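**Student:** As a plain string of letters, each chain reads:
Number of protein chains: 2
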Amino acid sequence: MEAKDMILVSVDDHLVEPPDLFQRHLPAAYRDRAPRVVRKDDGSDVWVFGKAEIPNIGLNAVAGRPKEEYGVEPTAFEEMRRGCWDVDERVKDMNAGGVLASMCFPSFPGFSGRLFAANADKDLALAVLRAYNDWHVDEWCGAHPGRFIPMGLAPLWDAELAAAEVRRLAAKGVHSLTFTENPATLGFPSYHDESWDPLWRALSDEQVVLSVHLGSSGQLAVTAPDAPIDVMITLQPMNICQAAADLLWSRVIKRFPDLRVALSEGGTGWIPYFLDRLDRTYDMHHLWTGQDFGDRKPSEVFRQHFLTCFIADPVGLQLRHLIGMDNIAWECDYPHSDSSWPTAPEELAEVAGAAGVTEDELAKITHQNAMRWYSFDPFAHRPPEQCTVAALRAEAGDHDVSVRSFDTGRVDRSHKGVDLGRLASKATA
Amino acid sequence: MEAKDMILVSVDDHLVEPPDLFQRHLPAAYRDRAPRVVRKDDGSDVWVFGKAEIPNIGLNAVAGRPKEEYGVEPTAFEEMRRGCWDVDERVKDMNAGGVLASMCFPSFPGFSGRLFAANADKDLALAVLRAYNDWHVDEWCGAHPGRFIPMGLAPLWDAELAAAEVRRLAAKGVHSLTFTENPATLGFPSYHDESWDPLWRALSDEQVVLSVHLGSSGQLAVTAPDAPIDVMITLQPMNICQAAADLLWSRVIKRFPDLRVALSEGGTGWIPYFLDRLDRTYDMHHLWTGQDFGDRKPSEVFRQHFLTCFIADPVGLQLRHLIGMDNIAWECDYPHSDSSWPTAPEELAEVAGAAGVTEDELAKITHQNAMRWYSFDPFAHRPPEQCTVAALRAEAGDHDVSVRSFDTGRVDRSHKGVDLGRLASKATA
Numbered sequence: 002m003e004a005k006d007m008i009l010v011s012v013d014d015h016l017v018e019p020p021d022l023f024q025r026h027l028p029a030a031y032r033d034r035a036p037r038v039v040r041k042d043d044g045s046d047v048w049v050f051g052k053a054e055i056p057n058i059g060l061n062a063v064a065g066r067p068k069e070e071y072g073v074e075p076t077a078f079e080e081m082r083r084g085c086w087d088v089d090e091r092v093k094d095m096n097a098g099g100v101l102a103s104m105c106f107p108s109f110p111g112f113s114g115r116l117f118a119a120n121a122d123k124d125l126a127l128a129v130l131r132a133y134n135d136w137h138v139d140e141w142c143g144a145h146p147g148r149f150i151p152m153g154l155a156p157l158w159d160a161e162l163a164a165a166e167v168r169r170l171a172a173k174g175v176h177s178l179t180f181t182e183n184p185a186t187l188g189f190p191s192y193h194d195e196s197w198d199p200l201w202r203a204l205s206d207e208q209v210v211l212s213v214h215l216g217s218s219g220q221l222a223v224t225a226p227d228a229p230i231d232v233m234i235t236l237q238p239m240n241i242c243q244a245a246a247d248l249l250w251s252r253v254i255k256r257f258p259d260l261r262v263a264l265s266e267g268g269t270g271w272i273p274y275f276l277d278r279l280d281r282t283y284d285m286h287h288l289w290t291g292q293d294f295g296d297r298k299p300s301e302v303f304r305q306h307f308l309t310c311f312i313a314d315p316v317g318l319q320l321r322h323l324i325g326m327d328n329i330a331w332e333c334d335y336p337h338s339d340s341s342w343p344t345a346p347e348e349l350a351e352v353a354g355a356a357g358v359t360e361d362e363l364a365k366i367t368h369q370n371a372m373r374w375y376s377f378d379p380f381a382h383r384p385p386e387q388c389t390v391a392a393l394r395a396e397a398g399d400h401d402v403s404v405r406s407f408d409t410g411r412v413d414r415s416h417k418g419v420d421l422g423r424l425a426s427k428a429t430a
Numbered sequence: 002m003e004a005k006d007m008i009l010v011s012v013d014d015h016l017v018e019p020p021d022l023f024q025r026h027l028p029a030a031y032r033d034r035a036p037r038v039v040r041k042d043d044g045s046d047v048w049v050f051g052k053a054e055i056p057n058i059g060l061n062a063v064a065g066r067p068k069e070e071y072g073v074e075p076t077a078f079e080e081m082r083r084g085c086w087d088v089d090e091r092v093k094d095m096n097a098g099g100v101l102a103s104m105c106f107p108s109f110p111g112f113s114g115r116l117f118a119a120n121a122d123k124d125l126a127l128a129v130l131r132a133y134n135d136w137h138v139d140e141w142c143g144a145h146p147g148r149f150i151p152m153g154l155a156p157l158w159d160a161e162l163a164a165a166e167v168r169r170l171a172a173k174g175v176h177s178l179t180f181t182e183n184p185a186t187l188g189f190p191s192y193h194d195e196s197w198d199p200l201w202r203a204l205s206d207e208q209v210v211l212s213v214h215l216g217s218s219g220q221l222a223v224t225a226p227d228a229p230i231d232v233m234i235t236l237q238p239m240n241i242c243q244a245a246a247d248l249l250w251s252r253v254i255k256r257f258p259d260l261r262v263a264l265s266e267g268g269t270g271w272i273p274y275f276l277d278r279l280d281r282t283y284d285m286h287h288l289w290t291g292q293d294f295g296d297r298k299p300s301e302v303f304r305q306h307f308l309t310c311f312i313a314d315p316v317g318l319q320l321r322h323l324i325g326m327d328n329i330a331w332e333c334d335y336p337h338s339d340s341s342w343p344t345a346p347e348e349l350a351e352v353a354g355a356a357g358v359t360e361d362e363l364a365k366i367t368h369q370n371a372m373r374w375y376s377f378d379p380f381a382h383r384p385p386e387q388c389t390v391a392a393l394r395a396e397a398g399d400h401d402v403s404v405r406s407f408d409t410g411r412v413d414r415s416h417k418g419v420d421l422g423r424l425a426s427k428a429t430a
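Residue numbers (our numbering), protein chains in the order written: chain A, 2 to 430; chain B, 2 to 430.
This is chain A alone, in the form it adopts within the complex (with noise of 0.2 Å):
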């Protein structure tokens, strides 16, 4: 299939929130301590919320950006591309980069809110943690249906809160949750204890994906402070097969066979591998260690349950029988550094021709799979042949997609001593 006949629906791109968020949603008696923010000495945009402080990292926002300007500084709004806050000139740059739909993960809160969770009032943290609900779903989303996939963040610190909000967002069409990769290692209890149950109850009942995204844990995969900054890049993918191994074994999915994980960012390539590897410990170990599937080996529990994502993984589209036709989806990842928008179209046909994707599967991967999962239906909004790259493309006009240099001259651009362990801190989300 060429590039331009493909609907692209990816469920895995980022926003970087805009300063006006909480003028609307957030009740007036909670607006004098809402999140804003603050412009920094050294020029720099910074959330503050509480006694928190998050700086915009580049590594964050770098779509359209020279390669050579990449980098993991504090960044100000006008060092990144609109796209990136505006919705308006996000749509244009989807339209541009011929994606139809996409599901937009946070950037200061965190992937699953956690700088929410750790603001010591209670009764603040949920009326902001709403709000921002209300301001993705209603305006982020609402100002363009049928091109994003709605989601939502949960309160990290109360599964029965964490479960009516599920419910309420679910009310309003929502069928993602953004969570952690990990409760624990932030502090929460674990995917084993029996407290979140309320919560899989809840996104059982109402057909909402849990999904967790790469880093989403607090914990990113550094191995020295002193490591050379690209070992982190390339370990996140891999890392979330924690996440994966964590909740095939828990009680969880046993519980509740309707519940749906997603990996989000977390790459196709090594699912293979990893599910023979779950099928081998079942083997070896399950007569002592206790596990039961019934009749079923865990690769089938994996793919009654996991939904994997890619941006552009060779190794993954010629396994995808192994992985499950039905388990894969794409994703564009714009803004960040890994995305190859505004040609992730000409990328992705390029390694799917090259293993030799069938137009069927292809579109399985493309969209087909995004909206069964996530309960998402574009084709409401506008009938399928105006939703291919072609269409949106047409659509964009003359849109500019020039990579431009944003650097103000404010930054050391020589990266030298960059601090791990001081980037895992400010980065890890």
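Hint data in this document are derived by calculation from the structure and do not stem from the laboratory.
Bear in mind that the values here come from a model prediction, so they are computed numbers and not experimental data.
One or more of the hints may lead you astray.
Since the list gives no way to pick out one identical chain from another, each pair is judged satisfied if it fits inside one copy or across any two copies.
Within a straight-line C-alpha distance of at most 25 Å, the following computed PhoX-like cross-link-like pairs (lysine-lysine) qualify [unchecked claim]:
#1 Lys5 to Lys93
#2 Lys298 to Lys68
#3 Lys255 to Lys68
#4 Lys52 to Lys123
#5 Lys173 to Lys298
#6 Lys93 to Lys41
#7 Lys68 to Lys93
#8 Lys255 to Lys93
#9 Lys52 to Lys5
Got chain A; can you put chain B on it based on the hints?
**Tutor:** Below, chain B alone, put in the same frame as chain A:
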């Protein structure tokens, strides 16, 4: 190729140290402070060195036991198959299992000898470490020439001493050093610290492979204290990708082009994805991170420096050309719980047949790669036609390999409430 015609050299097995290990090789002045075996009140045997007490964990010596009896309890010598710690019995087990030669990692000192490094008396520690190495080379390997790839331990606390020990052992024909996946997590300088250079230089000069075994970082992949133990078992092999990334991006292999590294017990099926990830990371990021491999890709650098291995890995065999036909070796993992001894040849023949592995390719995987990487020549001791699975099994005669219960009734086999935190601190080697 049929199982009976294969020649099998295993690059990852384990020995349990016999109680009399230090009787002959430790200078008399140290002998009363040598590590010793103590029988505990609960009937288990432990090694004691200074204030440290190290149990033999059940999972580490389960060869020939029913799977129902696998477990993580401390074990007594008579509850193990004799081939775990008696080299003559080991060779009979190897013959019965069709294995020509074996590289045996240590047990009680930890895979990288961190028990010795933890002792405050460094003179004693060095004497004990050298005695261990001499025992391993002269007695364990020396008892049956051509049947074992000799391996040494390094004094982790001093790179100059480590280099000297590498050179001392190389003069005795040792071309493998067992080392930690991550010196930083053990409290030593990281791989990126120049203080290790004397060791890298000695390894390069003497053509000694740095063999890093999974689990040797001192950090098991444990998601939460209450996670099922299946989680940890599943995650161990892929966790070694951290060591691979740490070394691949380091200055070490740029400065020491002759350095060779083995990812012991790391599996192979995840390697092609990992190589893609390395190359994509380089492509997207090297302009700002400053990585420079000249005109080579990171995946090519990997193939120059890294040996991988597997027990039975259908995905790895299917993708063998993406890994590199000169970079894959086979392992038996006797007497650990992942091993399929004594039917490993049949298991390998089955997975290799399913993947369409040719005879030439299988020869590389089963023995030629191991022989070249580890400068090991078993054919100097016996002609190849006497090295096949069939020939060795004929030598074994009616050696008993039946699955036998060693259960003394001492241990609660309900395995309820296995404490992963406690296990991690005890089992990590």
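**Student:** Identify every previously stated hint that the structure contradicts and give their numbers, smallest first.
**Tutor:** Numbers 5, 6, 8 and 9 - these are the hints that the structure violates, sorted from lowest upward.
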